[in-house]
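Going line by line, the protein sequences match chains G and X. The first sequence runs contiguously to residue 211 in our numbering. The second sequence runs contiguously to residue 428 in our numbering.
In case anyone wonders, no lab produced these hints; they're calculated from the structure. Where a beta carbon is used, it is the ideal one built from N, C-alpha and C, also for glycine. Any given hint could be a false lead.
Stated by the list, open to error - In silico contact screen, one side only, chain G against chain X (beta carbon under 10 Å); selected entries: (1) Tyr120; (2) Thr147; (3) His148; (4) Cys149; (5) Glu150; (6) Ser154; (7) Gly180.
What the hints assert, rightly or not - Not the full set, but computed from the structure, chain X residues with beta-carbon under 8 Å of chain G: (8) Ser234; (9) Leu235; (10) Glu340.
As the list claims (entries may be wrong) - Here are the simulated distance ranges between beta carbons: (11) X:Arg381 / G:Glu176: 27 to 35 Å; (12) G:Asp168 / X:Ala266: 34 to 42 Å; (13) G:Arg183 / X:Gly96: 23 to 31 Å; (14) G:Leu177 / X:Glu84: 30 to 38 Å; (15) X:Pro145 / G:Leu177: 22 to 30 Å; (16) G:Asp77 / X:Glu294: 36 to 44 Å; (17) X:Glu84 / G:Glu176: 43 to 51 Å; (18) X:Thr45 / G:Ser179: 27 to 35 Å; (19) G:Arg183 / X:Asn104: 52 to 60 Å.
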Amino acid sequence: MVPLTRRQTLLAAGASVAALAGCGADDTSGSATTVGSNPSEHVATDPERYTLRRSGDRELVTGAEGKRVDRRTAVTDAERAASLAFADVDGADDARAFVRETEFASETLLVYQSSVRTCYERELCYVSWSEGEVSLRYGRTLRSWDTHCEVGASDAGLWLVRIPDALDGVSSFSLELSSGACRLPPHVRSAAGEGSAPNGTDGTNDSEGAR
Amino acid sequence: MTGHTRRAVLGLLGCAALAGCSALSSDPVSERTELDGAALRGAVTGERIDGVGNPVEIGADYRHSIRGRAEDDLESVPDPLTAEDIPNAEVRDELGGFRERARNALDAAEEAAGAGDALNHLRDARKDAAAIAAGWAFTRGAFGPDDLADRRAALGEDAAAFAETWSYEGDDPVCATAVHAAIESRYRQATGEAAATFDREARVVPLAEAARETAGGRTALATARHLNERYRASLSDPTDYRATIEAAGDALAARIRERRRSLPEARDPDELVSDLEPRGIGWYAIENAARGAEERLGDASGPATRLSNAVGTLANIAAFESVLETLRSEPAAFDVTSAEQVAERRSAALTAIERARESERTALARRPLEAALGSVRYADRAIGRAADAESVAVERITLEVSYYVQAAAIARAAPDAAARAAAALADG
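With the hints as extra help, turn the sequences into a complete structure.
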């Protein structure tokens, strides 16, 4: 499984910025344009990202010597990235590669770990950031009707998101989870262009690692 | 209050235009008056509210056809859905929810007091039944986004065909206004659903929900056609009143502008009335009434709707003046300290609605009466929920009781506003 980087849209909040489309897995990151009245805030609707998921509630990633990592962690240097240890599940190798290939000179890696109800999945709507602050916005949608799952059961989920900006540090890492498909806020929607699908405009969704 | 049934009018509209708020009042106060929960429940459920129906009688055959379509859709889906049918349990529950709501609506239609209420329940049943049928067909590979797009396109074409045959005919302009306003709103709904977009990547539940709305548009168009056919069949000397209705709408719009010039400029309750208890019943009543007086005629579905809305706005203006006059005379006039007084406020609203309904120009007063009853029904539900507690602080329900006050004021003003519209139609 490879990270989905079909289209990378980098937006400066409050400004109308053309989408940067057609980026592949080896895209050069860190090309966010800063325009507008609020140049400190940036938004990406389709950043490079990778998702792992498995049944149960065991953690999918730990830190050095097996220490727990915060459920929301921003990784800003290669040393810290190298300390991340992934559970032995399908897709873990690709997750390691995703982490390893992050260019910390120009990028920051966001790690978000959480339980997710088995019948649902989370679709990344956008990530926004400014110096010292990052925020992820997910939409929660039902998985395909033919996915076997029970009401009330949960999986462990891990979301890795790469933002094209080398942040010195992150003091605030917030998360918003909305019910249903992504609804982009007006400034993101207008900058992305009316008529675009909310996310994965090429029809892709977040990749799901093997269960 | 006794538990007897009395004839009143059921609002077809919600109370958003009057209230614009969905939360119970919850402002902290230092002195609390507690009402007995059981008595309060009795106060808001003591009288049954019957429906106003449609300006044209809905035929039993038509209602039966909608029921039949809903039942056909329900029968197309296994009951119950099993894990083999739909492995995703949440999807299974969602689809099952459509069926449950459809059946509840079919039952409600059986028990409805009037044909108008029954039709509303049947429409809901038809929509939810269409949703589960579409969802199930999607899982069998028999329905998809292209099919839904085709349905919407066909709906749009049928609506256009209907519009070709529809004119503002009537025997008299008052009834013509009422009937064609009812047709306009349904036609507008049908064309709106036909033009609505949906996510072609959507999975089963969102697609089922989209199919549900399309079925609503289809039912709306069918009802528009039915109303039009029945009304035309009843006419002995059909005349096209479109120009007359448009002219009357213009006249009432001018009247509204004139009336507004005489209203106080202030909109803040504390500026309008001295000594009001902050966020008390009177405070909310005047705030809501002031907002209603400013209600814009907006983008009406057509000239008959525009005229009907103008009647509502004229009634709102008069209601604002009436509430203002009462509160300036006695700021605590609407306050309550017991469940019995809550019942009195509610009863006053229903009585005013009942009298307005019996007035000469009821057909033109539908818009304000529906709004007034929407407020009563909303307040009933909200207070009923609050009354689940053993005791309820008055401050918890001041906003809701204010809806009774405003509903009464609007209903009292409705006959004059309707008469104004009738006069404008006569002049046209």
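Status of each hint after checking the structure:
Because the smallest distance between the Cβ of G:Tyr120 and any Cβ of chain X comes to about 7 Å, under 10 Å, the interface hint for this residue holds. A hinted interface residue such as G:Thr147 counts as satisfied when its beta carbon comes closer than 10 Å to some beta carbon of chain X; here the least separation is about 5 Å, so the hint holds. Here the hint on G:His148 is kept, as its CB sits about 4 Å from the closest CB of chain X, short of 10 Å. Proximity of G:Cys149 to chain X holds as hinted, the smallest CB-CB distance being about 6 Å (cut-off 10 Å).
At its closest, the beta carbon of G:Glu150 sits 5 Å from a beta carbon of chain X; the interface hint therefore holds under the 10 Å criterion. Interface restraint check for G:Ser154: the shortest CB-CB distance to chain X comes to about 12 Å, outside 10 Å, so the restraint is violated. A cut of 10 Å between beta carbons decides the hint on G:Gly180: the least distance to chain X is about 8 Å, and the hint holds. Given hint, X:Ser234 at the interface with chain G, is violated; its Cβ is 46 Å from that chain's nearest Cβ, farther than 8 Å.
Annotation: X:Leu235 was flagged as interfacial toward chain G, and the flag is violated, the nearest CB pair being 46 Å apart, outside 8 Å. For X:Glu340, the shortest C-beta to C-beta distance to chain G is roughly 42 Å, which exceeds 8 Å, and the interface hint is violated. Between X:Arg381 and G:Glu176, the C-beta spacing of about 31 Å keeps the proposed range 27 to 35 Å intact. A C-beta distance of roughly 53 Å is found between G:Asp168 and X:Ala266, which places it outside the suggested range of 34 to 42 Å.
Taken as a hint, the range 23 to 31 Å holds for the pair G:Arg183 and X:Gly96, whose Cβ atoms sit roughly 26 Å apart. Checked against the given bound of 30 to 38 Å, the beta carbons of G:Leu177 and X:Glu84, roughly 31 Å apart, stay inside it. The beta-carbon spacing between X:Pro145 and G:Leu177, approximately 26 Å, falls within the hinted interval of 22 to 30 Å. Against the hinted window of 36 to 44 Å, the Cβ-Cβ separation of G:Asp77 and X:Glu294 comes to about 58 Å, which falls outside the hint.
In this structure, X:Glu84 and G:Glu176 break the distance hint of 43 to 51 Å, their C-beta atoms being roughly 37 Å apart. The hinted range of 27 to 35 Å is satisfied by X:Thr45 and G:Ser179, whose Cβ atoms lie roughly 33 Å apart. Taking 52 to 60 Å as the suggested C-beta distance range, the pair G:Arg183 and X:Asn104 does not conform, at roughly 30 Å.
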